[in-house]
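> Using the sequences and the hints, build the whole thing.
Protein sequence lines, in the order shown, are assigned to chains A and B.
All you need for the numbering used here is the position in the first sequence, starting with 1, plus 11.
All you need for the numbering used here is the position in the second sequence, starting with 1, plus 61.
Keep in mind that the hints were calculated from the coordinates and are not lab data.
All values reported here derive from a predicted model rather than from experimental measurement.
Be careful, since some hints might not be right.
Computed cross-link-like contacts, DSBU-like style, restricted to lysine-lysine with a CA-CA straight-line distance of at most 30 Å [unchecked claim]: (1) A:K24 - B:K119; (2) A:K37 - B:K118; (3) B:K119 - A:K37; (4) A:K24 - B:K103.
Here chain B is said to cover these stretches of chain A; the calculated rule only asks that three of the stretch's residues, wherever they fall, bring their Cβ under 8 Å from a Cβ of chain B [claimed, not checked]: (5) 38-52; (6) 110-124.
We put the beta carbon where it would ideally sit given N, CA and C, even for glycine.
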Amino acid sequence: DAGVTQSPTHLIKTRGQQVTLRCSPKSGHDTVSWYQQALGQGPQFIFQYYEEEERQRGNFPDRFSGHQFPNYSSELNVNALLLGDSALYLCASSLRDGDYEQYFGPGTRLTVT
Amino acid sequence: QQQVKQSPQSLIVQKGGISIINCAYENTAFDYFPWYQQFPGKGPALLIAIRPDVSEKKEGRFTISFNKSAKQFSLHIMDSQPGDSATYFCAASLLNSGGGADGLTFGKGTHLIIQP
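So, in structure tokens, the structure goes:
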């Protein structure tokens, strides 16, 4: 049973560029949440997707947007990249009804130069 | 923004000892409290979690103690082993209408080193 997978593993972008990160949830899960983890810090919640809609959003600007597909996989898009966007981006999957455990993928390390 | 405060920032424990990490939260509406373990270069792994209707939960060497009135919860690792050396995060969230968890609010983490 595959766990949460994310791609790519590492990414280097230049300030002002746009980036798309991808996540496939654990088999049987229907909800995807995205988190940003700066070096030496705890993950910070970006947003959560369920039934292809953004259900909840953390304190992140509109430059951060997402999408969920009918197969429950998800994308995180970040526009107009800033140096401060350099971080590990984590995807977590869960089951909406009755199972509150969130399982994390290995993350995508984004470096903005 | 709702906060979860975690202490200590770093902890060194001798092999076989008890490791204790503490967290305090502000939002009394939180009703799900997980602990995650993270190794370098990896994503966080769910270790153990508790709901506020119980004061303690034990799974193997890991125990969560929960004090609702004090808005505090802690992780105890018994018989700590070198393989337990990692960063530990506490977290908290609300549960949504379907019973699943909303976005997690994390503490800043505790870097635990178990000395052989």
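> If a hint holds in the structure, say so; if it doesn't, say that too.
Now for the hints, and whether the structure bears them out:
1. A:K24 - B:K119: Outside the cut-off at roughly 44 Å; violated.
2. A:K37 - B:K118: Answer holds: K37 (chain A) to K118 (chain B) is near 26 Å, not above 30 Å.
3. B:K119 - A:K37: Distance ~26 Å between K119 (chain B) and K37 (chain A) Cα, so the pair holds.
4. A:K24 - B:K103: Judged against 30 Å, a Cα distance of about 21 Å means the pair holds.
5. 38-52: holds (count 5)
6. 110-124: Our answer is that it holds, as 9 residues pass the Cβ test (under 8 Å) against chain B, meeting three.
The earlier numbered hint that this structure contradicts is number 1, and it is the only one.
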